[in-house]
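Colleague: Below are the chains, spelled out letter by letter.
2 protein chains.
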Amino acid sequence: MTDSTLKDDDKLNNILKAAQKKFAQFGLAKTTMNDIALELGMGKASLYYYFTCKEQLFEAVVLKEQEEFIENINKSIKSTDSGIALLEVYVKRRQVHFENCHNLSKLKYDSLASSPIVCKLLGDFYKKEAEVVKTILEIGVAKGEFVEGDMSEKADFLILVMQGLRLATIKRKNDTILSKQDHAVLTKHLVTTVDMFVKSIQK
Amino acid sequence: MTDSTLKDDDKLNNILKAAQKKFAQFGLAKTTMNDIALELGMGKASLYYYFTCKEQLFEAVVLKEQEEFIENINKSIKSTDSGIALLEVYVKRRQVHFENCHNLSKLKYDSLASSPIVCKLLGDFYKKEAEVVKTILEIGVAKGEFVEGDMSEKADFLILVMQGLRLATIKRKNDTILSKQDHAVLTKHLVTTVDMFVKSIQK
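Order-wise, the sequence lines are chains A and B.
Residues in the first sequence are numbered consecutively from 119, following the working numbering.
Residues in the second sequence are numbered consecutively from 119, following the working numbering.
It is worth saying that the hints were derived from the structure and are not from the lab.
Copies of one chain are not kept apart here, so a pair can be met inside one copy or by any two copies together.
Keeping only pairs whose Cα atoms sit at most 27 angstroms apart, straight-line, the calculated DSS-like set for lysine-lysine is: (1) K291 / K272; (2) K291 / K252; (3) K317 / K261; (4) K298 / K272; (5) K321 / K252; (6) K298 / K210; (7) K306 / K321; (8) K289 / K224; (9) K245 / K172; (10) K289 / K306; (11) K210 / K289; (12) K193 / K272; (13) K210 / K224; (14) K238 / K289; (15) K291 / K238; (16) K245 / K306.
Computed from a prediction, not measured in an experiment: that's the story for all the values here.
Isolated chain A (complex conformation):
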């Protein structure tokens, strides 16, 4: 199958995959549109037909990561009938998602999070994440695992604490890129936090 016979959706998908690979390899600042075009075996001009700059392409890659995370966790929600089990799945997948996004940019967190595009993307994502966590907590209540309460408030609180742990971990590393080891320690702290949280709302 040649480029011209591929449907637009497939082409887009291939571009996003190639861009994801290159960003993860070199980071946002060091990746060029040329690197991505070469990876695709596609002319640079054709790539510019789809994306006007690498920042727009980066945004699309992050958005795709976010959508996949939300989609996957929603699949688990449909197939799992325990709030406790779902929270365990959520905390681990959420950390993998953070690690992926952190690696894509290879940027200091503050430079990244202060870009208006990423701010908007994160804001939208946090809303979806809050919905997902609220749904998980409500499943726990329905299954008799958790005591009843304002699950919207509890979901916001849990997300804030987890976000804080990521920020504090980055802060302690003086805003440099986190290593595999740092991510492992962070994962341990996040799991401990969710365990504490579960104990505090368990029946």
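Chain A is already provided as a structure; the job is to place chain B on it using the hints.
Modeller: Positioned in the frame of chain A, the structure of chain B alone reads:
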């Protein structure tokens, strides 16, 4: 009693008090050495005899706040024989300390925390804070309130989660100065976190 009859220690103390008042009123950037000298009824030249610049004076004020916090919590430790009660005291005093320091600078957190002087001050403070929290947890174990464990690790974890909550709260406000209301919400979140933490280590 005139300026010249005051001992050096008293003079220093008066300078720190006046500087504390002015920094809390105008913030670091907007306070001048002149404002502080005027508050003291002292010549600017005399003030420069004690501190060579306002940043050095700011450092001394923050250090004094930190020392008073640690001193006060150590007094409570000597007079209270419950780890749970001490954690309650600690979380509330710690938040007042943060609010005071946050108000003194009236700076975006990142501009402040990235200054080398403040970095050093915070690093030293975190070590003292870790010691204090560890001591409190060990009191809880000795009194049979908490299960035994690596209390140094648990203290670090609690401090990290609390630091994270402060950072995430600031992040959500787009790094602007927190209002009274923001501090009240943050206090609620910190108290909830310490409650969760206590439940997770309680016998």
